[in-house]
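Please model the entire structure based on the sequences and the hints provided.
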Amino acid sequence: MELSAPLTVNWTLSYRCNFDCRHCYSRGYSRPELPLADLLRIVDDLASNRVAFVNFGGGEPLLDERLWPVARAAAERGLRVSLNSNGWLLDADAARRLAEVPLASVGISLDGADPAVHDRFRSRPGSFGRAVAALDHLAAAGVPATVSTVIFRGNVGQYRRIVELAAAHGAGTVYLHNFKCSGRGKDNRAELDLDPDGWRAFYEDALAYRAGAPATLAFDDPILALLGAAGPGAVKGSTCGKLSLHLEPDGVATPCGFIPVEAGDVLRDGVATVWADSPVLRKMRQKTPTGKCRSCASLDACLGGCTARAFAATGSFDAPDPHCWAPGDDPPA
Amino acid sequence: MNGVPVRDPAVVWRDEPAQKDAILRAQAAGEPADDLGWVLLVVRGEMHELNLVAGEIWCLCDGVRDLDAVARELARRYDAPLDEIRRDVDAFVAEAVDQGWLRLQSGGTG
Ligand code: SF4
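Protein chains in written order, with the numbering used here: chain A, 1 to 333; chain B, 334 to 443.
No lab work stands behind these hints: they were computed from the structure.
Nothing here was measured: the structure is a model prediction, and the numbers come from that model.
Keep in mind that a hint or two might mislead.
Claimed, not checked - Only some residues are given here: those of chain B computed to face chain A with a beta carbon under 7 Å:
hint : residue
1    : V345
2    : R347
3    : Q352
4    : D368
5    : G370
6    : E382
Cβ atoms here follow ideal geometry from the backbone N, Cα and C, with glycine treated the same way.
Below is the structure:
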C-alpha cells in the first residue's frame, strides 16, 4: 500500500552525544539545528498529515532541552511519542518528566549482558550500569521501556542473557537490531559485523528462542524472509521510505538515519509533498533487483534486504543486502 | 450477534482514501482487488492491512453504531443486500474481536 504520509517519523533533533560508540552511524555528523518554533511547525505538519508515531533518536536526545516542548507538542497532537537513549542521563527525575509528556515508550540501548562487553562497545566506562539503572527508573515512573541491542560479534554469543536482563528490569520488548555498517559501523565492520552465515545462525537461534523468551523479541531485518519469517506487514523489504521517514536536525528528510541521502526539505515543503514527490523515496520503493536477487525465490518478500546496508556497502540501493546468505555471487564489500 | 463494536485504543490506525479510490477503480475495471488494502492497523508493533470491505467496517466501528447500524450504513453506501453485508460485518467483527482489535459492548443505536 502506498501511503499519503509516513506512519513513523524518526527524528534527529541534534547529533550531539555524550558517547562515542564504535558502531555509531552518526558520530561525526553535524548539521544546523532548528529553532524551537520551526520544530513546532514540523510537529503541526506531521500531525495534520496523520503521522502516527514519532521517535526521537540522535545523538542523545536527553542532551537537548528542546526535546521536552517538542515531545509534549507531539503528544498533545495525538502522536505516539517514543525515544531512544543511551540511558546515561536517564535518572529518576528524567523518568518522571518522560512520564509526564507522556512517552509511549522509551528504548534503552543495551549492547552487552555485562559491563565488559557493553562499556567497551559504547566506549564509556560505567555505561552498562547507567543503562540498567535507566530501565529501573523508567519502571518506577511507569514509562513502558524497551531495549535496543545491536547484534555484533562481541555480543551475539550472549544475546539471550541480554534479553533476560532486559526483561528482569522491566523491558517488555527487546529489539535485536541488525548491524548497519554505516558511518563508524562501516569503518569498524571487519571487526564487528557477522558474516552472512553468522547472521543466518543468529536468526535461526533467535527465532527458535522467541516463543519462550521472557520479553517480546522484535527484529527489523528484511533478510528474515530467507527463513520464511518476514512478519505480517503492509510493505515488503525495508520499511524506510515506505512506512517511515527520518528527519535531520535542519528539517531535511532522508529515507532513514542510516542512509545519508537527502530526500527533501520537510520544513520548507511539508511532509506530504516530500513523501509524495521525492525521487529518492520513489527509488527506495521501486528497487530494481540486481545480482543474485534477480533469480532469488525470496525476492517478493525480501526485495533485496536492507537498503541501508546495501547502500553503505556498494553505493547502490539495488544491490543485494551484504548480510544475505542466499547462494549466488557475493555482493561487492 | 449484536452490540456496539469498540476499537481497542492501543490499536493505531489510519485510513488512506486515495488507496480506497484506487481499489474502487480496479473493481470497476474488473480487476481483482480483494487483497488490496486501504486501512492500516498497527497492533503491538505488527501491521495489518484491511481490504475494502473490512476497512469500511472498521471505520464505521465508531463506538456508537451497533452491528445492525454498521451493516445498514454499508448496505446503503454500496447499494448491496443487507443480509449479505450483515454476514460480512459479523465475520469481520468476530475476527477482529478474536484478534483483540475490537470488543463488543452491549447497547447501541440499533
Ligand atoms: S538474494 Fe536478494 S532478494 Fe534474495 S534473500 Fe538475498 S537480498 Fe533478499
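Consistency of the hints with the structure:
1. V345: B:V345 check passes; min Cβ-Cβ to chain A is 5 Å, inside 7 Å.
2. R347: 5 Å, holds
3. Q352: 6 Å, holds
4. D368: 11 Å, violated
5. G370: Holds - the Cβ of B:G370 comes within 7 Å of chain A, reaching about 5 Å at its closest.
6. E382: 5 Å, holds
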